[in-house]
Amino acid sequence: MFDYSPETDDLIPCTQAGIHFHIGDILQIISKDDHNWWQARLWGSDCQAPAGLIPSPELQEWRMANKAAELSREMGITHCGAWFKRRKRHFKDKYKNKHSAIYDQLDLVTYEEVVRLPQFRRRTLVLLGAHGVGRRHIKNCLIQSSPDKFAYPIPHTTRTPRKDEVNGKIIILFHMMK
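In our numbering, the protein residues as written are 993 to 1170.
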């Protein structure tokens, strides 16, 4: 994940067409036609607003891998000194093939896909009170008076089910999880 500013990007074809975004912003992808540059807009912005450019995951991964390769090269030169000068040529040839080892070592997460969920109509009601003030009585009265609006919470458990228990049955009041 990364913050992005088109003004600081030297690879973007048109700086004015880029979109600023930060980690945590939600982007709506409009087009993935270009291999390097996707068209997107910030979620919640005007639907009539034109889409802007963002780097594709492949471009961003390539950029991060090149940055890591450059950093490792710089560290190798500054820390190794003259003793490793003979070995540097060996490593240069080894990583010439598109820095494949750097790609393998990096755990690159550029974008995280999210899905919009339908509105969730259930709400949690929490009854707070000191011991002995009748929370259980209030809860039972609410459930009996309006069973279509109120219900007991169903706990989830990872324990093994007993002989007479069936997963998801309200009588048991447990959902078995693996």
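Take the hints with a grain of salt, since some may be wrong.
[What the hints assert, rightly or not] Label-pair distances were calculated between CB atoms; the ranges are:
1) Ile1021 with Gly1124: 55 to 63 Å
2) Arg1065 with Asp995: 19 to 27 Å
3) Pro1005 with Thr1102: 13 to 21 Å
4) Leu1117 with Arg1055: 47 to 55 Å
5) Glu1053 with Asp1156: 17 to 25 Å
6) Asp1017 with Arg1154: 44 to 52 Å
7) Ile1022 with Arg1113: 26 to 34 Å
8) Glu999 with Asn1028: 28 to 36 Å
9) Arg1154 with Gly1124: 29 to 37 Å
10) Arg1113 with His1014: 49 to 57 Å
11) Leu1117 with Arg1151: 38 to 46 Å
12) Arg1154 with Ser997: 51 to 59 Å
13) Arg1127 with Thr1150: 26 to 34 Å
14) Gln1040 with Gly1124: 23 to 31 Å
Hints were generated in silico from the structure; no laboratory data involved.
Positions of the beta carbon are idealized from the N, C-alpha and C atoms, including for glycine.
TODO: Check the following: the C-beta atoms of Arg1154 and Ser997 are separated by a distance inside 51 to 59 Å.
DONE: 58 Å, holds
- [ ] Take the C-beta atom of Ile1021 and the C-beta atom of Gly1124, compute their distance, and say whether it sits inside 55 to 63 Å.
- [x] 56 Å, holds
Open item on the list: I want to verify a distance hint. Is the separation of the beta carbons of Leu1117 and Arg1055 within 47 to 55 Å?
Closed with: Given a distance of about 49 Å, which is inside 47 to 55 Å, the answer is holds.
TODO: Evaluate the given range 28 to 36 Å for the C-beta pair formed by Glu999 and Asn1028.
DONE: 18 Å, violated
Task: Pairwise beta carbon distance, Arg1065 to Asp995, judged against the given window 19 to 27 Å - done: Because 25 Å falls inside the window, the suggested range holds.
Task: Whether the CB-CB distance between Pro1005 and Thr1102 falls inside 13 to 21 Å - done: Cβ of Pro1005 to Cβ of Thr1102: about 19 Å, so the range 13 to 21 Å holds.
Open item on the list: Holds or violated: the 23 to 31 Å window for the beta-carbon distance between Gln1040 and Gly1124?
Closed with: 60 Å, violated
Open item on the list: I want to verify a distance hint. Is the separation of the beta carbons of Glu1053 and Asp1156 within 17 to 25 Å?
Closed with: 53 Å, violated
Open item on the list: Taking 38 to 46 Å as the stated bounds, is the beta-carbon spacing between Leu1117 and Arg1151 within them?
Closed with: Because 27 Å falls outside the window, the suggested range is violated.
Task: CB-CB spacing for His1014 and Arg1113 relative to the 49 to 57 Å hint - done: 31 Å, violated
Task: Consistency of beta-carbon spacing, Thr1150 to Arg1127, with hint 26 to 34 Å - done: With Cβ atoms ~28 Å apart, the hint holds.
- [ ] Could you tell me whether the CB distance from Asp1017 to Arg1154 stays inside 44 to 52 Å?
- [x] 48 Å, holds
Figure legend: structure checked against the earlier numbered hints; hints not met, in rising order: 5, 8, 10, 11 and 14.
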